Amino acid sequence: MAAVDTPVRIPEITAHDVAPEATGWVSWVTTTDHKRIGIMYLVTTFVFFLLGGVEALLMRIQLGAPDNTFLTPSTYNALFTLHGTTMVFLFVVPIMAGFANYFLPLMIGARDMAFPKLNALSYWLLLAGGIVFYGSLFFSPPEAGWTSYAPLSSSAFSPTSGIDAWIFLIHLTGISSLLGAINFYATIANMRAPGMGWGRLPLFVWSILVYAILLILALPVIAGAVTLLLTDRHFGTGFFDQSQGGDPLLWQHLFWFFGHPEVYIMILPGFGIISEVLPVFARKPIFGYKAIAASTVTIAFLAMLVWAHHMFATPSATIVLVFFMISSFLIAIPTGVKIFNWVATLWRGTIEFKTPLIFSVGFISVFLIGGITGVFLAVFPVDWQLTDTYFVVAHLHYVLVGGSVFAIFAGIYYWFPKMTGRMLGESMGKWSFGFMYIGFNVTFLIQHAIGLDGMPRRVYEYPDVGNLAIYNLISTVGSFILAIGIGLTVVNVVRSLKVGVKAGPDPWKANTLEWFTPSPPPVNNFDIIPRVRSVEPMKDVRRQVARQTGVAVELGADPAMSEPRA
Amino acid sequence: MTPEEGQGADDRRMNRMPAALACAHARTRRRVFTLAFAAALLGGLALATGASADLLTPESGGSSNADDIDTLYKIVLAVATVIFIGVEGVLVYSLVKFRAKKHAVAAQIRGNTRLEIGWTLGATVVLVVLAVVTFAMLGGIRTPPNSDKDGFATPVVDNIRGASAFQPRPPNGRSLNIKVNGQRYSWRYTYPAKANVPEQQKVAAYVEMVVPTKTTVTLDIDAQDVAHSWWIPALGGKFDAVPGHTNFTWFKIDKPGVYRGQCAELCGRNHADMVAQVRAVEPAEFKTWLEAKKREIDENNAGALKRREADAKAAATPAKEAP
Ligand code: HEM
Ligand SMILES: [Cu+2]
Ligand SMILES: [Cu+2]
Chain X
2 MAAVDTPVRI PEITAHDVAP EATGWVSWVT TTDHKRIGIM YLVTTFVFFL
52 LGGVEALLMR IQLGAPDNTF LTPSTYNALF TLHGTTMVFL FVVPIMAGFA
102 NYFLPLMIGA RDMAFPKLNA LSYWLLLAGG IVFYGSLFFS PPEAGWTSYA
152 PLSSSAFSPT SGIDAWIFLI HLTGISSLLG AINFYATIAN MRAPGMGWGR
202 LPLFVWSILV YAILLILALP VIAGAVTLLL TDRHFGTGFF DQSQGGDPLL
252 WQHLFWFFGH PEVYIMILPG FGIISEVLPV FARKPIFGYK AIAASTVTIA
302 FLAMLVWAHH MFATPSATIV LVFFMISSFL IAIPTGVKIF NWVATLWRGT
352 IEFKTPLIFS VGFISVFLIG GITGVFLAVF PVDWQLTDTY FVVAHLHYVL
402 VGGSVFAIFA GIYYWFPKMT GRMLGESMGK WSFGFMYIGF NVTFLIQHAI
452 GLDGMPRRVY EYPDVGNLAI YNLISTVGSF ILAIGIGLTV VNVVRSLKVG
502 VKAGPDPWKA NTLEWFTPSP PPVNNFDIIP RVRSVEPMKD VRRQVARQTG
552 VAVELGADPA MSEPRA
Chain B
131 MTPEEGQGAD DRRMNRMPAA LACAHARTRR RVFTLAFAAA LLGGLALATG
181 ASADLLTPES GGSSNADDID TLYKIVLAVA TVIFIGVEGV LVYSLVKFRA
231 KKHAVAAQIR GNTRLEIGWT LGATVVLVVL AVVTFAMLGG IRTPPNSDKD
281 GFATPVVDNI RGASAFQPRP PNGRSLNIKV NGQRYSWRYT YPAKANVPEQ
331 QKVAAYVEMV VPTKTTVTLD IDAQDVAHSW WIPALGGKFD AVPGHTNFTW
381 FKIDKPGVYR GQCAELCGRN HADMVAQVRA VEPAEFKTWL EAKKREIDEN
431 NAGALKRREA DAKAAATPAK EAP
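Sequence order for the protein chains is X and B.
Residue 2 is where the first sequence starts when you use the numbering used here, and the numbers rise one by one after that.
Residue 131 is where the second sequence starts when you use the numbering used here, and the numbers rise one by one after that.
Do not take every clue at face value.
[Said to hold, decoys possible] Selected chain B positions facing chain X (Cβ under 8 Å, derived; list incomplete): (1) Leu185; (2) Ala357; (3) Lys368; (4) Pro373; (5) Asn377; (6) Gln392.
[To be verified] List of simulated lysine to any residue pairs, SDA-like, C-alpha gap at most 20 Å: (7) X:Lys499 - X:Lys510; (8) B:Lys227 - B:Gln238; (9) B:Lys423 - B:Gly303; (10) B:Lys344 - B:Arg409; (11) X:Lys510 - B:Ala237; (12) B:Lys232 - X:Thr351; (13) X:Lys510 - B:Lys232; (14) B:Lys344 - B:Leu245; (15) X:Lys291 - B:Lys417; (16) X:Lys291 - B:Gly252; (17) B:Lys227 - X:Phe354; (18) B:Lys332 - B:Trp419; (19) B:Lys309 - B:Ile427; (20) X:Lys291 - B:Ile427; (21) B:Lys344 - B:Val405; (22) X:Lys291 - B:Arg244; (23) B:Lys232 - X:Arg284; (24) B:Lys309 - B:Asn326; (25) B:Lys231 - X:Glu353; (26) B:Lys231 - X:Arg284; (27) X:Lys510 - B:Ala236; (28) B:Lys344 - B:Gly387; (29) B:Lys232 - X:Glu353; (30) B:Lys417 - B:Ala446; (31) X:Lys118 - X:Phe71; (32) B:Lys417 - B:Asp403; (33) B:Lys231 - X:Thr351; (34) B:Lys231 - X:Phe354; (35) X:Lys291 - B:Glu246; (36) X:Lys291 - B:Ile247; (37) X:Lys291 - B:Leu245; (38) B:Lys227 - X:Trp125.
Hints are computed from structural coordinates only; laboratory data are not their basis.
The structure displayed is predicted, hence computed values, not measured ones.
Backbone N, C-alpha and C define an ideal beta-carbon position, used for all residues, glycine too.
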């Protein structure tokens, strides 16, 4: 190792604006700066999240009482189609790209993405996809669910053009994600700071690398599938029509060959965020860096081999059922390993209960439930009872809300200071978490019982039998508590933009390079990129400063420790 | 270079912490763990066995395959409960025990290969056990038993698909084989008939399927228009009805009764109203029902034939022109 005594420059944050920051909306429309594109991604996808949330609340009102007539069947079907599609394609997948856009270059010490113009194109294609899809509201929204199973989605049974809008959404957001994925991959492969080998890549960057690879593998399959659906609908090709030599099951195989990797595309970056936040607030290195990185790669590999566990109830040979049960069991192992490593990271730390940490811990505690119910569904005879019921709705929301959404909120609270230069209000953040955590569990825990009680998913009404009425009412009440929690964070963000405490470059005393630059960073990010000597370059920087100056100087103020008062 | 090697000497001392940890805390930890494990196991079993049917376990009680699925589910639930309590327990414990306090210093541990291997193997063992249990129970769930001696007399059912097919048939090959056809938004049941009886002369019913008790009933499930899913929870799992494919399941009901269910695959606007029910009656009563139904259908067919002939005659004799 380098001799400690040789005179080395004391690291200090230097980053100068090369030119005055452009302002005005034209500068945003024409920007190729990864940080501005990142912010546009984050804001746009969050708006879609709120839209999807309103759709969810409308559905929950309808289901609040048996035989309710608040919504018509066609409105209800349109709502769950809009909701599911929005949450998957316009919120979770692209918001992860938003975080990656902003932070990936900073975390690896790069000055921008590899292909900045392509990056801008990714964003605009995403927005176009969202507009085309929501445009269908003005004629006839799709009603076949986010899975659009053939033959229900064929022109015979869905004659209006809602399905076509859905197809174009898949194409546009698909191209957007593919371009983004290629860009992330190229950036990570080529633009890392000096000294940042694969063993020193931050775990969030590892997760984005694997996210990108999965997108590149999975998206072409769904693009092909929806193209076949489009030609079936308009040119009579009959790929999914059994009466013309096609097969409805072909659609299901193609859809889920994409769809299951998509599930991991939605959760892996969340895992990455958690793996960044926990060590910072436990003041302890991440436990098992290599195991976490390796399990990410293993999950990605296995994620390509489990798709037919969504099809256990279709006519299938026993060998198929057995294979997909075993492969689904296998994927539970690296997922479990991650959870164990996170808990071990907290073990013997000195845990500071800041909002990002609380959301991360909330994530672990509820994602665990989603992972465990996943094992129930992998046991195919058990799945025969549970699939297509509210048990599955509960499972998928435990993974997607308890998992991805809580991780996203952890990311928002963790990185907001870097993006805006101001802290989010701590106490409001904690209230927001409290409402979200309770509301989430009230909404979705009881849905396991609703499914076990025999209620299928995607039904606009249910009779007053068994305990369905009371269970559903509980779930509906919970969804409004959850909504209040989300609303508090929205208010917090808007407020803190103006009145938040100034953050300084490194308010959390964090580990990774994005904190070695002013908040918010100037266009070129860094003038001098420090040499990376470990997975925690900022710890090294702080240690070196202390050694060379004899005092533990903070890089920048540390207002995070003093609670902002409302 | 591993990340560990990149650290200063002070951290390297800390790298040995896991070993120290293992010694100093081993005994208390082991005791806490054993206690927690025992409590969780007991709790899990108590929950799983005493659970009310619809809060924690799927419906069952109509047919032995549904009961076997229920048992399998409870085994998974017991294992899951143990893991859940174990992990959440350690998580909550660390949050309480290791919150930041004055003078507390975080242990700079970077990992522990033995622990890493340990929990990977642990998880694997749990899943292997679940797989073995599933295989052990699969026969009873997938393959139907013979009908009881005093069941309804049923013929040997032809295999629709050759030897490699996966449709369940009882060992003696005899079952009451009913064709289930999903159509928006109803189910049509076609009862077996002698060979070369034309389709429209077979006994058929909609929505309610009447079946004999003590008799193995096998179902060949397909769909007319879009995909549906056949599901009567107390009679076993759901099986998708997909156009162009035949799916299979079976049940054997011991006591007379009515079992309700509904379509479980989105099939359009009235998917929520596509209900189904199975009414099980004594074999003798079933025989009477089937014969009555057959007579009714024959009469209807005969009536229709007569009407058609009359119409044909009327068409043949030129109608008198109105004055
Ligand atoms: C914010 C609180 C949320 C509530 C109250 C909620 C509620 C619902 C409801 C009522 C359904 C329809 C169930 C049915 O009729 O089968 C549904 C479906 C769904 N939700 Fe959510 N949801 C929420 C958030 C989310 C999030 C954040 C995601 C994704 C990240 C998500 C993904 C889905 C998906 C994929 C479906 C299935 C849609 C389909 O069946 O085609 N939800 N949700
Ligand atoms: Cu899957
Ligand atoms: Cu249906």
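Problem - Which numbered hints fail - result: Structure breaks hints 7, 9, 14, 15, 20, 21, 30, 31, 32, 38.
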